[in-house]
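J.: As a plain string of letters, each chain reads:
Number of protein chains: 2
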Amino acid sequence: MNPTIELLKSHRSIRKFQDWKIRHELFEELIRAGQSAATSSHVQAYSIIHVTNKKNRKALAELSGGQRYVAECSHFLVFCADMKRPTDAAERAGTEVVRGTTEQLLVASIDTALVAQNVATAAEAEGLGVCYIGGIRNDPAEVSKLLRLPDHVYPVFGMCIGYPDQSPEIKPRLPLASVLKQDYYEDDQDATLVAEYDTTMHSYYQARTAGKKDTTWSEQLKPLFSTKLRPHMRDFLRARGFEMK
Amino acid sequence: MNPTIELLKSHRSIRKFQDWKIRHELFEELIRAGQSAATSSHVQAYSIIHVTNKKNRKALAELSGGQRYVAECSHFLVFCADMKRPTDAAERAGTEVVRGTTEQLLVASIDTALVAQNVATAAEAEGLGVCYIGGIRNDPAEVSKLLRLPDHVYPVFGMCIGYPDQSPEIKPRLPLASVLKQDYYEDDQDATLVAEYDTTMHSYYQARTAGKKDTTWSEQLKPLFSTKLRPHMRDFLRARGFEMK
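Chains as they are written, first to last, in our numbering: chain A, 27 to 271; chain B, 27 to 271.
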């Protein structure tokens with residue numbers, strides 16, 4: 027198999043890291059690899075905060091729901107959607123700019139995700155491990171204050187990077203037939219395919235926990251959707267200049 | 027240099043393709059590599075429509091603003107944010123579900139982008155070329171009708187894939203110092219860094235067009251932000267069950 031494809035397929039989140047730091051040149055290479063990702067109309071609407079300050083690392087670990095590895099991993103990045111830079115640039119070039127549209131929110135969020143996934147792949151290609159931290163959106167206002175984010179910039183997710191000190195198994199994904207559709211969206215088979223996947227995930231959890239974790243994919247989704255998760259996001263984004271108009 | 031990092035850094039959009047199709051097994055491998063990307067709380071909130079129907083290809087090329095390669099490339103995918111599958115699964119498992127929050131819109135859009143970037147990397151690792159098509163959001167309601175997308179699913183972007191029949195230069199990216207910040211967001215130097223980058227981009231355009239294209243990054247951004255680009259996005263998303271509450 028193609029070694030890069032093999033690498034992509036071997037991804038799993040790493041939450042325990044060795045103490046070694048990444049050498050400076052390599053660290054910058056990872057970010058450059060990130061920058062090479064495609065970007066909507068070349069706007070490059072993202073910024074990356076490399077958090078080295080220990081106090082802020084601890085605060086971010088707490089704010090992300092008590093995820094210790096945010097404080098402990100050798101490098102922690104906060105990936106921010108950044109519409110300030112391109113709109114400021116256009117303004118300096120002499121035009122009145124429109125800010126805060128839903129389209130701009132999407133463009134910046136997607137640009138940021140593409141960059142991050144390249145950083146993740148580059149890191150894994152170098153034997154590093156990564157873990158995305160969506161928990162950064164648990165209290166994005168406080169995170170923004172801590173990192174001094176201006177308006178038109180918001181923290182999309184964090185990422186722990188470092189040399190792995192664990193080797194977790196690869197988590198099974200949904201059946202290909204469920205996510206890949208030909209010509210039209212069609213989900214008549216989805217209940218069946220998801221039931222099949224629930225069995226796969228049940229076996230995976232059982233094996234990984236010596237029979238203790240007795241759940242399925244569908245069961246695990248229930249708490250995520252039975253309440254309004256991160257209900258502050260709309261108002262937070264509006265307050266930061268993503269008015270979603 | 028690490029060959030995977032080298033691969034990532036060599037990305038450029040391909041808009042002219044050879045006629046060869048990708049063999050079926052490889053095509054599925056690309057999608058599986060996509061599926062291996064990280065996903066928020068393992069929700070895997072995306073679906074991929076592989077558009078093979080020629081009439082729909084032509085229609086999508088028109089709807090994307092007359093981008094011929096959407097019809098001509100050997101394979102065209104529409105990456106959709108899909109909150110229907112996970113919320114349906116949670117509902118079937120026996121809970122009342124909340125749908126349509128801003129957080130869910132972000133989760134699904136980001137999940138979709140991570141998958142797509144893995145597909146792009148896997149494709150490029152196999153000597154294929156790709157081009158993201160954000161133009162799919164020019165008329166997302168019509169695209170949704172064409173692909174029969176249900177509520178809680180929306181087309182985020184398209185992607186042309188195929189064997190390249192051109193070899194464009196790599197487009198310079200923003201200076202590292204502009205996008206990577208230590209500990210705090212700080213953009214005092216940004217006007218200077220962007221001015222420097224404007225010079226780089228001006229030289230790039232001049233060289234590529236034998237002196238004809240006389241513009242900079244900042245100049246190119248002006249039309250993107252001086253009007254409200256894709257002003258329908260908010261109402262479209264709301265109509266499709268992403269109420270942004």
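I should point out that these hints are in silico values taken from the structure, not numbers from a laboratory. These figures come from a predicted structure and were not determined experimentally. Check the hints yourself; a few may be wrong.
Identical chains share a label here; the pair holds if one copy fits it or two copies do between them.
[Claimed, not checked] Once the Cα atoms are required to be at most 35 Å apart in a straight line, the calculated DSBU-like pairs of lysine-lysine come out as:
hint, residue 1, residue 2
1, K271, K238
2, K171, K207
3, K238, K254
4, K238, K35
J.: All hints, please: hold or fail.
T.: Against the structure, the hints come out as follows:
1. K271 x K238: Result: close neither inside a copy nor across copies, 48 Å intra and 37 Å inter.
2. K171 x K207: between (43 Å within a copy, 15 Å between copies)
3. K238 x K254: So K238 and K254 pass the 35 Å test inside one copy only (28 Å; across, 53 Å).
4. K238 x K35: Only inside one copy: K238 and K35 sit 27 Å apart there, 44 Å across copies, limit 35 Å.
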